[in-house]
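Line by line, the protein sequences give chains Y and U.
If you're matching positions, the first sequence starts at 790 in the numbering used here and goes up one per residue.
If you're matching positions, the second sequence starts at 11 in the numbering used here and goes up one per residue.
If you are wondering where the hints come from, they were derived from the structure by calculation, not from laboratory data.
In this text, all values refer to a predicted model and were calculated from it rather than measured experimentally.
Just so you know, even glycine gets a beta-carbon here, dropped at the ideal spot from N, CA and C.
Among the clues, some could well be false.
[Said to hold, decoys possible] With the C-beta cut set under 8 Å, the calculated list includes, among others, these residues of chain U facing chain Y: (1) 197; (2) 199; (3) 202; (4) 203; (5) 224; (6) 231; (7) 283.
[As the list claims (entries may be wrong)] Here are the simulated EDC-like cross-link-like pairs (lysine to aspartate or glutamate), alpha carbons at most 16 Å apart as the crow flies: (8) Y:877 x Y:957; (9) U:216 x U:13; (10) Y:1066 x Y:1095; (11) Y:1050 x U:160; (12) Y:856 x Y:792; (13) Y:1050 x U:251; (14) U:42 x U:321; (15) U:185 x U:45; (16) U:79 x U:13; (17) U:278 x Y:984; (18) Y:1051 x U:251; (19) Y:1001 x U:274; (20) Y:862 x Y:957; (21) U:216 x U:321; (22) Y:1024 x U:157; (23) U:42 x U:281; (24) Y:1050 x U:234; (25) U:278 x Y:1008; (26) Y:1066 x Y:902; (27) U:137 x U:160; (28) U:119 x U:157; (29) Y:1057 x U:206; (30) Y:844 x Y:924; (31) Y:1050 x U:206; (32) U:118 x U:157; (33) Y:908 x Y:957; (34) U:185 x U:43; (35) Y:1052 x U:13; (36) Y:1068 x Y:1045; (37) Y:1001 x U:281; (38) Y:1051 x U:206; (39) U:185 x U:274; (40) Y:1001 x U:251.
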Amino acid sequence: MLEIQNLSTHFHINSTKLFQKLTLKAVENVSFTVASNRVVGLVGESGCGKSTLGKTILGLTKSTEGKVLYEDKNLLTLSNREFLPYRKNLQIIFQDPYSSLNPRMTIFEILTEGLLHHKNISSSEARFLSIAMLEKVGMKSDILERYPHEFSGGQRQRIAIARTLILEPKFIVCDEVSSALDVSNQAQVINLLNDFKSSMGLSLLFISHDLKIVSYISDEIAIMYLGKIVEYGTKSEILNSPHHPYTFALFSSVYDIHNRKKKRYVVKGEIPGVVNKPKGCYFHTRCPIAKDICKTVDPPLKNMSDTHKVYCHFPGEIG
Amino acid sequence: MTDLLRLENLSVHLLANHSSIPVLQDINFSVKEGEILAVVGESGCGKSLTSLALTRLLPEKVFSYHSGKILFQNKNVLEFSETELYSLRGGEIAYIFQDPFTSLNPIKKIKDQIIEPYIIHISPNKKEAIEKAESLLAKVGITDIKDRMEAYPGQMSGGILQRISIAMSLMCNPKLLVADEPTSALDVTIQSQLVDLLMEIRRENKMSILFISHDIGLVSSISDRIIIMYAGQIVESGTVDSVMDTPLHPYTTALLGAIPTIGDFSHKRLDSIPGIVPAPIDFPKGCHFHARCTKAMDICKTKNPLITGRESQSVRCFLYEGEQTKNA
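The shape of chain Y in the complex, shown without the other chains (with noise of 0.2 Å):
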């Protein structure tokens, strides 16, 4: 339903020697799909990239090079007029919901700005819809004429996912939903967006550094590393056969409840900057099975099976 074509997104920043300027390739070739009613989780440390591809994706960053194919129509190469019509479809929930909603706007105003823009509808039209939508989501309909300073985080967080989901959209890239929220907030906000995924079809490409969220709510995951994605598969194949060291040092790192004493395998070294990166493999310097070619050669693309893809000299080498 959305294919994304080796899509790279470069800044250019300044240097701090005078006329220098440097390359920041946040985002460095990228390839993957989803699928229509399919959750791709995107997992990666800060910095990685992550928002930046998800902003990308919706045309909100300018991409360097790449297409992103949405009935087969590559959305980069729109203007913002054309874009328009898509973006209906193509919706964005941010991290933090303290800023992402606008202080001085009522809920109303909130949940039907976007609604009155791309439908055709009169404003008690649209009190109805925002009504259906807040009882849906678990709040009272009598709060439309509040401001977001009433609410809670994870009350505003739900009104974040009502002001997206009245539109009907296609695809909702998740930016980290949940990592503002407590723990018992987060289950709800998880268990919210699990419900409409089945009941309205939706697709989502949901982005997070916590495994844990990540791997109960995707259908596929993707693996990122200093802008590159580094594996890419089903739910089970990542976490059942996980073939690049990182993705493998990533899921052991997760401490888990029911597991309390398991042995953990922990890479050494800091993340390197995503200015100058490492040649060869990003991820050569933390490597445990890292060997010469690794420092000088880029990684090639590896099919371990139609839906598991793996950038690494040596898959599977680990574990």
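For this one, chain Y is given, so just place chain U on it according to the hints.
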């Protein structure tokens, strides 16, 4: 094992607008020598307040230590003079805070801040202090120590800074380390590195750790005993195995059910707790959790349950009040 630290019925009130609002109520726990005690709860439950109250770091213009005792090596911290407190803080009880970017001074070189506790508590000999700092930095896995000592916090990553904070907290060989969400601001691979480091240091120095975190998975993997807090009270405590395997309090059960397990393909719904943690001014009458509890009874709305149970597991809930009389 003897108790290094024991809190007896500690209650702390917040003074505001001529009224006094309880923010911590009847806190009872002990940290034994060499053990790791975890304090878990959602934001606003009083975890950090408890940790700061231990050394009376809460400003006494705003907070009052209403009742109870804080016994550190059998001496009541609430009766300490300013000088005694001064030698306790950073000396015998050291802290590591959540965010290394704000807990270190941005305009002081690492060298100058890391030796400060040593100069104050142990000896004014600067050369000795620097030697000690360098050996600790090596132990926490910092490379290029000479350069790092001359650098400022803004020049380093969060993982490195948190390693430096850990080294700094160890400068005076503390008996108790209070770690308040020490890895929550860091990436998972870095978190694993630091947790392993803390465990190694604890083994070598035989110190006790009070580990405060909202991450139940993390603390249950490393701690000996665990305390679950809700709205200013301890609702359940006990050994990690008993609390995790047979949680008693409805809040603990709900909290554990809200966390997905990796590798669980059953697609069962996560438990969620309706409502939010109340602010101290809105702490309800009766059991603090009754408004969100699925098992609330009439008595829960009016009376606050007492802690009942044994050393290995105790709980503050009316569902188990009967069992206490049975056991007694």
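To see whether the hints hold, each was checked on the structure:
1. 197: holds, 4 Å
2. 199: Result: holds, 5 Å to nearest chain Y Cβ.
3. 202: At about 4 Å, which falls below the 8 Å cut-off, the nearest Cβ of chain Y leaves the hint on residue 202 of chain U intact, so it holds.
4. 203: holds, 6 Å
5. 224: Holds, about 7 Å.
6. 231: With Cβ-Cβ at 5 Å, under 8 Å, it holds.
7. 283: With a minimum Cβ separation of about 4 Å from chain Y (threshold 8 Å), the hint on residue 283 of chain U holds.
8. Y:877 x Y:957: Answer holds: residue 877 of chain Y to residue 957 of chain Y is near 7 Å, not above 16 Å.
9. U:216 x U:13: Since the Cα atoms of residue 216 of chain U and residue 13 of chain U sit roughly 14 Å apart, the hinted pair holds (cutoff 16 Å).
10. Y:1066 x Y:1095: This hinted pair is violated, its Cα atoms lying about 30 Å apart.
11. Y:1050 x U:160: Measuring from Cα to Cα gives roughly 40 Å; hence the hint is violated.
12. Y:856 x Y:792: holds, 8 Å
13. Y:1050 x U:251: holds, 11 Å
14. U:42 x U:321: It holds: about 13 Å lies between the C-alpha atoms, which stays within 16 Å.
15. U:185 x U:45: holds, 11 Å
16. U:79 x U:13: holds, 14 Å
17. U:278 x Y:984: holds, 12 Å
18. Y:1051 x U:251: holds, 14 Å
19. Y:1001 x U:274: holds, 10 Å
20. Y:862 x Y:957: Violated, at about 20 Å.
21. U:216 x U:321: violated, 23 Å
22. Y:1024 x U:157: violated, 44 Å
23. U:42 x U:281: Roughly 34 Å between the alpha carbons, so the hint for residue 42 of chain U and residue 281 of chain U is violated.
24. Y:1050 x U:234: holds, 12 Å
25. U:278 x Y:1008: Cα-Cα ~14 Å, so holds.
26. Y:1066 x Y:902: violated, 42 Å
27. U:137 x U:160: holds, 15 Å
28. U:119 x U:157: holds, 11 Å
29. Y:1057 x U:206: Status holds; Cα separation ~11 Å.
30. Y:844 x Y:924: Cα-Cα ~29 Å, so violated.
31. Y:1050 x U:206: Given pair residue 1050 of chain Y, residue 206 of chain U holds - Cα atoms ~13 Å apart, limit 16 Å.
32. U:118 x U:157: holds, 14 Å
33. Y:908 x Y:957: Measuring from Cα to Cα gives roughly 11 Å; hence the hint holds.
34. U:185 x U:43: With a Cα-Cα distance of about 8 Å, the restraint between residue 185 of chain U and residue 43 of chain U holds, given a limit of 16 Å.
35. Y:1052 x U:13: Violated: residue 1052 of chain Y and residue 13 of chain U sit about 30 Å apart, past 16 Å.
36. Y:1068 x Y:1045: violated, 35 Å
37. Y:1001 x U:281: holds, 14 Å
38. Y:1051 x U:206: With a Cα-Cα distance of about 13 Å, the restraint between residue 1051 of chain Y and residue 206 of chain U holds, given a limit of 16 Å.
39. U:185 x U:274: violated, 41 Å
40. Y:1001 x U:251: violated, 21 Å
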